Amino acid sequence: MQSLPSCHLVTTGFDAAASTVQELDCFGLSSSGRSTKRQAEFLAGRLCAAASLQAAGYPAIILQRDAESGRPVWPQGLCGSITHSHGMAVSIAGFSQQWHSLGLDLERMIAPARALRLQKAILTPHEQAQLKGLDEEALARQTTLLFSAKESLFKALNPLTGVYFGFQDAQVSEYTQDGRLTLQLQRDLSDSYHSGMEFPCLWIPYGHGMLTLVYLAA
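Remember, the working numbering sits 45 above the position in the sequence shown when you count from 1.
Be aware that one or more of the hints could be misleading.
What the hints assert, rightly or not - Restraint-style ranges between C-beta atoms, simulated for each label pair: (1) L161 - S235: 30 to 40 Å; (2) Q164 - Q99: 35 to 45 Å; (3) C71 - E243: 37 to 47 Å; (4) P245 - R153: 15 to 25 Å; (5) G115 - E182: 32 to 42 Å; (6) R110 - H239: 23 to 33 Å; (7) A156 - K82: 16 to 26 Å; (8) E182 - D236: 38 to 48 Å; (9) Q121 - E182: 42 to 52 Å; (10) E243 - P170: 16 to 26 Å.
Think of the hints as simulated: they come from the structure by calculation, not from any bench. Note that the structure is predicted; figures quoted are calculated from it, not measured. Here a beta-carbon is modelled for each residue, glycine too, at the ideal position from N, C-alpha and C.
Construct the complete structure from the given sequences, taking the supplied hints into account.
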């Protein structure tokens, strides 16, 4: 993935099945009510975030969760995002002076048959028309990419607006093969984020699927 200035991206692999309650106890996670697998995924993401913090010159702490939203609470002066999927975790941290918000998402490649079923839920009519004629494998790749990109957009905008919005509320307005695309809002979220606004997104095939990053400059 193309790098962003003043941002620090960290990735790691992990084996959720090999995690033990004792290991998770060290981070105060075993009593969270989640399964050991879910807790291990959570921990891997938090450890990636700690490494991102350290790379940015901050203490490598385990980020706490906001009590209401459940989102990680980043130190003052930083914004960031965490994602994990099927044994892989990724985190990014950036300085708030340069970046208003960051949204990162990793998705496993959607199987072709499932992509066909999910098309109408994930893709707008315009996007469906643009992808018409692709073979099943190519359609699955593009559906996975747009699913991930829209998840990244949500992770970037929801903390700023407090508004929940769906896959039909954004669509791709520009796309290039070199790892860039642009998402355009299809509805108003707030006075500051309204229908027609466009947001840049970086993407790259990564591991078992697609990694995407939406970034809002300060």
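Consistency of the hints with the structure:
no.	hint	in the structure
1	L161 - S235: 30 to 40 Å	holds (35 Å)
2	Q164 - Q99: 35 to 45 Å	holds (41 Å)
3	C71 - E243: 37 to 47 Å	holds (44 Å)
4	P245 - R153: 15 to 25 Å	holds (24 Å)
5	G115 - E182: 32 to 42 Å	holds (35 Å)
6	R110 - H239: 23 to 33 Å	holds (30 Å)
7	A156 - K82: 16 to 26 Å	holds (21 Å)
8	E182 - D236: 38 to 48 Å	holds (43 Å)
9	Q121 - E182: 42 to 52 Å	holds (46 Å)
10	E243 - P170: 16 to 26 Å	holds (19 Å)
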